[in-house]
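K.L.:
Sequence:
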Amino acid sequence: MQSSILKPLLVFICSCGVSQQFSYLAQAKEVMRDVSFKANYDGSQQKYIELLPAGFDNLQRHDVLITLHGHGSDRWQFIKQPRGECAGARQVAKRHKMILISPDYRAKTSWMGPAAEADLVQIIDTLKTQYRVDKIILLGGSMGATGALTFTALHANLIDGVVALNGTADLVHYQNFNAAIATSFGGSRTEIPDEYKRRSAIYFPHKFTMPIACTTGAKDSVVPPQSVLMLLNQVKPFSKHVLSIHRPTGGHSTTLADTIQAIEFVLTAQRD
Numbered sequence: 001m002q003s004s005i006l007k008p009l010l011v012f013i014c015s016c017g018v019s020q021q022f023s024y025l026a027q028a029k030e031v032m033r034d035v036s037f038k039a040n041y042d043g044s045q046q047k048y049i050e051l052l053p054a055g056f057d058n059l060q061r062h063d064v065l066i067t068l069h070g071h072g073s074d075r076w077q078f079i080k081q082p083r084g085e086c087a088g089a090r091q092v093a094k095r096h097k098m099i100l101i102s103p104d105y106r107a108k109t110s111w112m113g114p115a116a117e118a119d120l121v122q123i124i125d126t127l128k129t130q131y132r133v134d135k136i137i138l139l140g141g142s143m144g145a146t147g148a149l150t151f152t153a154l155h156a157n158l159i160d161g162v163v164a165l166n167g168t169a170d171l172v173h174y175q176n177f178n179a180a181i182a183t184s185f186g187g188s189r190t191e192i193p194d195e196y197k198r199r200s201a202i203y204f205p206h207k208f209t210m211p212i213a214c215t216t217g218a219k220d221s222v223v224p225p226q227s228v229l230m231l232l233n234q235v236k237p238f239s240k241h242v243l244s245i246h247r248p249t250g251g252h253s254t255t256l257a258d259t260i261q262a263i264e265f266v267l268t269a270q271r272d
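226 is the number that the working numbering gives to position 226 of the sequence shown; each next residue is one higher, with no gaps.
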């Protein structure tokens, strides 16, 4: 775990769904806020972590890195965990002085259903009101990677680059976590097949005109890689910047080095 994550100033913020202005001028240290907000979708209280970089000045434009946690986790995964995917995201955000946002998005079994989708749209709208946001990079691991692909397919106009670490692009045929996905989506794939298709990025390659990087492992049995590999091939006519990091002996995880490579690729490409 990065030492910079151990020493931030932690501030708790409650919001009633009304955008608030915050003034940060050249903060010497990272500023971490545990933000609570009233969801427009259903009026419930939802949360996300916001990590502002050292030296943050809201008079300047900043890129945003949004990190989506995996199944069974919550907003703290990418903030606290030392695993490669999480440490890599923190390192890159720190290096480029990005605003790092880690939402619950209806933790712990989100799967980017309608409620999670609406929450993320609301968070992005709030960030654009509070700060001078430049580019928004959406990253996720496992379930979060699936969610990143789903959200980008649904809201391509909000995302400038996407990084998916060990996700699936096809929820129509994906057979794990069926109960959790059905709860998130509001029914099984036989009951609401159109909803499963609508949330499967594989059917919307034309939406991915932004830089995209995906990591996959050939031996991943939790989230098999085939659909993402197929999506990346289908995306190539629409995006000039496509990176596939496929490990023949890899399982359901991404190393620190591969995570950093994937994010840096997208950051460099979206400035092209």
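Fair warning: there could be bad hints in the mix.
Simulated crosslink set (DSSO-like; lysine-lysine; CA at most 30 Å straight-line) [stated by the list, open to error]: (1) Lys80 <-> Lys135; (2) Lys219 <-> Lys135; (3) Lys135 <-> Lys197; (4) Lys97 <-> Lys47; (5) Lys80 <-> Lys128; (6) Lys108 <-> Lys197; (7) Lys47 <-> Lys94; (8) Lys236 <-> Lys135; (9) Lys97 <-> Lys219; (10) Lys29 <-> Lys80; (11) Lys29 <-> Lys128; (12) Lys97 <-> Lys197; (13) Lys38 <-> Lys128; (14) Lys108 <-> Lys80; (15) Lys97 <-> Lys29; (16) Lys80 <-> Lys94; (17) Lys128 <-> Lys219; (18) Lys128 <-> Lys94; (19) Lys108 <-> Lys240; (20) Lys29 <-> Lys47; (21) Lys128 <-> Lys47; (22) Lys80 <-> Lys47; (23) Lys94 <-> Lys108; (24) Lys135 <-> Lys29; (25) Lys197 <-> Lys240; (26) Lys240 <-> Lys207; (27) Lys207 <-> Lys47; (28) Lys207 <-> Lys236; (29) Lys108 <-> Lys207; (30) Lys38 <-> Lys80; (31) Lys108 <-> Lys47; (32) Lys108 <-> Lys135; (33) Lys240 <-> Lys94; (34) Lys29 <-> Lys94; (35) Lys80 <-> Lys240; (36) Lys80 <-> Lys197.
In short, the hints are calculated from the structure, not lab data. Since the model is a prediction, treat every value here as computed from it, not as a measurement.
K.L.:
Are Lys94 and Lys108 close enough, with their CA atoms no more than 30 Å apart?
P.N.:
holds (26 Å)
K.L.:
For the pair we were handed, Lys108 and Lys207, check the Cα-Cα distance against 30 Å.
P.N.:
Given pair Lys108, Lys207 holds - Cα atoms ~27 Å apart, limit 30 Å.
K.L.:
Against the 30 Å threshold, does the CA-CA distance of Lys108 and Lys135 hold or violate the hint?
P.N.:
Holds. Lys108 to Lys135 sits at ~27 Å (cutoff 30 Å).
K.L.:
Take a quick look at whether Lys207 and Lys47 sit within 30 Å of each other, Cα to Cα.
P.N.:
holds (28 Å)
K.L.:
Hey, Lys29 versus Lys128, does the alpha-carbon distance stay inside 30 Å?
P.N.:
Holds, at roughly 22 Å.
K.L.:
Given the hinted pair Lys108 and Lys80, is their alpha-carbon gap at most 30 Å?
P.N.:
holds (16 Å)
K.L.:
Lys207 and Lys236 were given as a pair; does the straight-line alpha-carbon distance stay at or below 30 Å?
P.N.:
Within the cut-off at roughly 11 Å; holds.
K.L.:
Regarding the pair Lys29 and Lys80, is the alpha-carbon distance no greater than 30 Å?
P.N.:
holds (17 Å)
K.L.:
Against the 30 Å threshold, does the CA-CA distance of Lys80 and Lys128 hold or violate the hint?
P.N.:
holds (25 Å)
K.L.:
Sort out whether Lys29 lies within 30 Å of Lys97, counting only the CA atoms.
P.N.:
holds (12 Å)
K.L.:
With the threshold set at 30 Å, check whether the alpha-carbon distance from Lys97 to Lys219 stays at or below it.
P.N.:
Given pair Lys97, Lys219 is violated - Cα atoms ~35 Å apart, limit 30 Å.
K.L.:
For a C-alpha distance cap of 30 Å, please report whether Lys29 and Lys94 respect it.
P.N.:
Judged against 30 Å, a Cα distance of about 11 Å means the pair holds.
Violation of the numbered hints given earlier is confined to hints 2, 9, 12, 17, 19, 35 and 36; the remaining hints are satisfied by the structure.
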